[in-house]
Amino acid sequence: MKPAAFAYLKPENLAEALQFVADNADDGKLLAGGQSLVPAMNFRLARPETLIDISGLEALDGVNDRPEALSIGALTRHATFHKPVSDGALGRLLVKVVGHIAHYPIRQRGTFGGSLCHADPAAEWCLVATALDATMRLESSGDARDVPAEAFFRGSFTTALEPNEILTRITIPKLPDATGTGFVEFARRKGDFALAMALTTLHLEGNTIRSARVGLGGVADRALRMTEIEAALVGKPATPETFVTAGQMARDQISPRGDIHGSAEYRRDLGGALLERALAEAAEEARGAVST
Amino acid sequence: MSDRHDITLRVNGATHHVNVEPRYSLADTLRDACGLTGTHLGCEHGVCGACTVLIDGRATRSCLVFAVQVEGSEIETVEGLAEPDGTLHPLQQAFWEHHGLQCGFCTPGFLMLALGALRENPDMDDEELRDLIASNLCRCTGYQNILTAVRAAADMMRAKAQPAPNP
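Those sequence lines, one after another, are chains W and B. All residue numbers for the first sequence refer to the working numbering, where the first residue is 1 and numbers rise by one. All residue numbers for the second sequence refer to the working numbering, where the first residue is 1 and numbers rise by one.
Hints are not guaranteed to be accurate.
Okay, derived cross-link-like pairs now, EDC-like style, lysine to aspartate or glutamate, Cα gap no bigger than 20 Å in a straight line [unchecked claim]:
# : chain 1 : residue 1 : chain 2 : residue 2
1 : W       : K83       : B       : E128
2 : W       : K10       : B       : E71
3 : W       : K174      : W       : D65
4 : W       : K83       : B       : D125
Hints were generated in silico from the structure; no laboratory data involved.
Generate the whole structure from the sequences, applying the supplied hints.
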């Protein structure tokens, strides 16, 4: 359980890091928190010739709380979100989500951007980015581009990031005041990879749904945003019956793969059930947000 | 390609000059180069938590960090817990008194995990403590005694942190 030998580069700043990734585009690998990469190296599933350690680049660490959006540095540690990073629904939602990410010591070191670039289909931040329309800032030497989440994630462990690029910041639009949020995940043991998870937001007028976001994770090769279900929810009352119907739509629309942790049928049913619960949670929060 | 690096590590307040390959984990380096064998290696892929140490105060799996990465950081290991005269740290005392260990292999990891988390939040409730100690694997004591020990240690640490009452 020791990694293969590699050369180690520690850039002093982003410009140097971009130069290093350009110079090592064939066989180099970025090291951020290392909580997924290093286990893969210890198993020798990953054998990079060169590691470019960006974990010390302070410019990429930290959250910028802007009026319309959160701008999250790619190297912001998961543990930063243990407390709300901003007032309002989005900050609260991120607190709900972060407790499901692995265990406490992993959250102390693992990074937000590293998780997105790893693109595990069961990763919580990937679902957050997909469901909430995050935008990824990808920089290379002398160039930069903004890629929306739906174009960034391309499949299991596969993203739009080119070998000469670094994900530097993630922008997530703020949610309107009085938005209720729900996040529900099921794993066999606390801290395990999720078998499935659901993320929802609801905006209510009285008890009528005015807008909704629905995302599912762990049930496909990437996180899914369920736009048909979102459209079907608008105008409906926020009642258990509505949520059951939405859960059934989800069961009809997803085709998860089975593995030793759960059969395909089980995961399909789980995805629908978790969505029902997440919608109920969001509705309850939305009602509380309106009444306060 | 197998270049070696001369690095300086700060461990429990002492300075260690070591020569490492980049691929040496912090855990292996602590044990083999610094002679600090209190940090144990179980799974070597971040699951068991036996190798947990504090890096700049954060409880971290030292099998998932390379020694070359932590030059300039303050590292704390289980060897730094007790006082120089041998007086046990409240966490060590509590694990002893409440039978929080049996074979003891996982114990250094649990102690450092609890230390890092209690410094961040000295007032964790039982649910938070259960959530926390689920981070590490223990295969013989059972978690109930570890929970009891960490809770007792938290009480002792809070009492110590408060100024003595006026006579």
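Hint by hint, here is what the structure shows:
Proposed proximity of K83(W) and E128(B) is supported: the alpha carbons are some 14 Å apart, at most 20 Å. For the proposed pair K10(W) and E71(B), the alpha carbon gap of about 11 Å is at most 20 Å, so the pair holds. Restraint check for K174(W) and D65(W): the C-alpha separation of about 10 Å stays at or below 20 Å, so the hint holds. Distance hint between K83(W) and D125(B) is fulfilled; the C-alpha atoms sit about 16 Å from each other, no more than 20 Å.
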